[in-house]
Amino acid sequence: MSLSLGVFNSKIIALAESDKDPNPLRHDMAKGKIVAGCIAPHPPHLVYAENPDQNEPTSEGGWEQLRWGYERLRESLSEIEHDVIVILSPHWQTYVGTHFLGLENFQSLSVDPVFPNLFRYHYDLNIDVELAKQIHDNAEKAGLAVKMMENPDFRVDYGTITTGHLFNPKWDKPLVVISSNRSTDYYSAEVMQEMMIELGRITRETIEESGKKAVILASNSLSHRHFTTESEIPEDMSKEHIASHAMHLWDMRIIDYIRSGQTQRILDEMPEFIEQAIAESDGGGLSWLISALDTPDYPAILHGYGTIIGTGNAVVEWPCYKHEEGSQ
Amino acid sequence: MSDGEIIGSYIVPVHPHTYLVPEKNPGWTKLREAFDEAALRIKNSEADLLIIYSTTWPSIIGHQIQADPNPEWVMVDHDFHDLGSIPYSFNIDSEFANAWNEANHMRGLKSRTINYYGFPIDVGSVVALKLLNPDNAIPAVIVSSNVYANRSETSVMAKACLDVVRNTGRKAIAITAMSLSNRMFTENIDPADDKIHSLKDDEWNCKILELMEKGRLEDVGQLSRTIQKQIRVRKVVAFKPMWWLSAMNDNRNDLTGEVLAYEAIHGAGAAVIHLDPASCGTGDKEYDEDDVEYFYGDRSVLDSNDSETTTIDEEVEEIDETISTEENGPALWEPTTADGSVNSDSAPKPVGAYPHARRVGDLLYLSGVGPRQALTNSIPGGPIHDEDGEPLDYDIKAQTQAVIDNIASILEEAGSSLDQIIDVTTFLVDMKRDFQGYNEVWAETLGKIGPTRTTLAIRALPTPIAVEMKVIAQFFD
Chain P
0 MSLSLGVFNS KIIALAESDK DPNPLRHDMA KGKIVAGCIA PHPPHLVYAE
50 NPDQNEPTSE GGWEQLRWGY ERLRESLSEI EHDVIVILSP HWQTYVGTHF
100 LGLENFQSLS VDPVFPNLFR YHYDLNIDVE LAKQIHDNAE KAGLAVKMME
150 NPDFRVDYGT ITTGHLFNPK WDKPLVVISS NRSTDYYSAE VMQEMMIELG
200 RITRETIEES GKKAVILASN SLSHRHFTTE SEIPEDMSKE HIASHAMHLW
250 DMRIIDYIRS GQTQRILDEM PEFIEQAIAE SDGGGLSWLI SALDTPDYPA
300 ILHGYGTIIG TGNAVVEWPC YKHEEGSQ
Chain A
0 MSDGEIIGSY IVPVHPHTYL VPEKNPGWTK LREAFDEAAL RIKNSEADLL
50 IIYSTTWPSI IGHQIQADPN PEWVMVDHDF HDLGSIPYSF NIDSEFANAW
100 NEANHMRGLK SRTINYYGFP IDVGSVVALK LLNPDNAIPA VIVSSNVYAN
150 RSETSVMAKA CLDVVRNTGR KAIAITAMSL SNRMFTENID PADDKIHSLK
200 DDEWNCKILE LMEKGRLEDV GQLSRTIQKQ IRVRKVVAFK PMWWLSAMND
250 NRNDLTGEVL AYEAIHGAGA AVIHLDPASC GTGDKEYDED DVEYFYGDRS
300 VLDSNDSETT TIDEEVEEID ETISTEENGP ALWEPTTADG SVNSDSAPKP
350 VGAYPHARRV GDLLYLSGVG PRQALTNSIP GGPIHDEDGE PLDYDIKAQT
400 QAVIDNIASI LEEAGSSLDQ IIDVTTFLVD MKRDFQGYNE VWAETLGKIG
450 PTRTTLAIRA LPTPIAVEMK VIAQFFD
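Taken in sequence, the protein lines are chains P and A. Residue numbering for the first sequence follows numbering that gives the first Met the number 0, starting at 0 and increasing by one per position. Residue numbering for the second sequence follows numbering that gives the first Met the number 0, starting at 0 and increasing by one per position.
Simulated from the structure, these hints should not be mistaken for laboratory data. Some hints here could point you the wrong way.
[Unchecked claim] Quick look at which bits of chain A chain P covers, simulated, 3 or more residues with Cβ under 8 Å:
| # | region |
| --- | --- |
| 1 | 52-61 |
| 2 | 76-89 |
| 3 | 118-127 |
| 4 | 432-446 |
[Unchecked claim] Over 10 Å on every C-beta distance to chain A, these chain P residues come out as not near it, computed from the model:
| # | residue |
| --- | --- |
| 5 | K32 |
| 6 | Q64 |
| 7 | H98 |
| 8 | N104 |
| 9 | D123 |
| 10 | D171 |
| 11 | E204 |
| 12 | E207 |
| 13 | Y297 |
| 14 | I300 |
| 15 | P318 |
[Unchecked claim] Below, a sample of chain P positions facing chain A; criterion: calculated Cβ distance under 10 Å:
| # | residue |
| --- | --- |
| 16 | S107 |
| 17 | P112 |
| 18 | P115 |
| 19 | N116 |
| 20 | R119 |
| 21 | N150 |
| 22 | R154 |
| 23 | N180 |
| 24 | Y185 |
| 25 | E189 |
| 26 | H225 |
| 27 | E229 |
| 28 | I265 |
Cβ atoms here follow ideal geometry from the backbone N, Cα and C, with glycine treated the same way.
Working from the sequences, and respecting the hints, build out all of it.
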């Protein structure tokens, strides 16, 4: 009997091959795949600027560079068939393992606790519970601490709502929503990354088992030093700029790696990036994404870059479908 | 109305276990019983206001104060959602919230009130209010914990709150919703197995509790940074609540403390502590971090010469003409008046015993002149560092122009003017950074007059300014 070993949370999990519970249908159905992977930031400012019906506050626009970036991303993805969107959101912060939304539908009002003046959004979203549970179960087998969220009163975090809206305003695709486990805080960026790389691998393999076509999203910014004050008109773009030159340099460094297919270097430099740029990738999203995409060595598409209250944000797409075996 | 005061303080844990499932662990039961005892004490007190500082409500743009008079929703914890839901409907003192917000602004702080239907009140506040004020008999106010706030900002925010408590005659209870050690188990555990995460965490928690039982709240406040390093996972908000609570109690070390319970909640240190303002008779302070009255930290990040800064400073000046200058350097002096001295009410007060200028023959010798403003002591372009010595971004052009304006005021007082300046010696604390900006302003002002000039780099000036000028001018009767 061969064994695969995973070491997490001081546990050694030995999994017998017979315990892996392979889906008996997997060989009969088309192999699932990740068709695109994206970095998709979630500041409520962008939804506020779009003035959708679901959001109560109204604006005069603003942050157009990023919103146009999202437009380009949506246009690009509209040409790619996909069944489900998988999001890892840093604003559903969990300290006891990684959690997954586990009910088919969530409807409520999402009010941003930090920017309630900008974001009070009435949401109605559907979850692919089957896929969420499959990823949950496979992660649990691999030794990760996980939990399904099945409380109907739960309010979905505003990061998921914001990204979900900007990514797919029609909300016509089911989501898998994964929480951000704060292992960077509890242990270190290295431990976080080890866990997220494992979760990324599990996500990819589970999607392949499922037979579904998935787009996966890391909902996070790059550098993440906020301004501590807000202009009287939040969308006053004359006040918007990167928080500091050091943050700009880090953003450009990461973007350079993204555009040149050097994702392994992003993983290698992640601890320094998190520490020096106060990067939101401390929540694990970017490491999970890169791992789920199998550490791509081809260039991603930078659809847009811009700052929001001083933080650096990029809209990025790895067009996996163009780099499959046999594709032109 | 006056004579408002803090009549008691409580420290309570944030996790939902004590409300939803206290019966599942003996420690959680003890914490719930302690909550109930605290609720009884509050009910039997004269309290007419509960003020909550919650570490589970982070904010970025200054502090946020809940001002919805009746916020209602169903709260579900992000981590412990499987324990159940907590419906709430609270009684918020929106009048006090708005007054506190105004008081914050008067003390130089950024803050805003929150009054939006559906705003998600954080788990720490929900648990505290549900258990300490179960029938909503006492109105409450809740304030966020700013992720970037340092000690001075947090303490000044408490002092602004005290201003309102005293001015409105409230009998208020101050409450911090917080963990001691906050390291939880990162896996699901059987409730029966709950314990403090590590021996080190437990030892530090006991050290904090020992100080609390002796009423040494300010000592705990001054240990906050050490405590954060020793037993706190970074999370979003650092160990700041003791800064706030200590300032709410006038930074005292002689309160009467009582630990009603100390147990673990999923590994974190959870305590219910009562601090009575009655003096326990001891309490010398072992540390002496500065006590701060007004906040001068960097808030003009959008525009370093933001006119709003001036507005705040003007408001502060209206409130109290004896603005603390300790954060901005040494105490201010009245200018000396020896024969031939020239002093101007429009120039900043000296930081020692000297006049603004002195006349000898037909020459005027000016003392070193900086950019500080005469009435408010504020620094146009911002200070070069905060009260903790942390560097701040500042505008050298604005500072240089302010120096020249101050020189003009002194010369005008003497009956002279800028065009009579003969010689200038300029001191810059950062030649590399500031020479160009300083030089540009010079060229547009004194450069057109043509005095001789010497520019020196020096290590520091007494106040947090970047530029000072020493001037000799002619004087004609």
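- prompt: Okay, which hints does this one fail, numbers in order?
  reply: As far as the earlier hints go, 4, 7, 25, 28 are violated by this structure, in ascending order.
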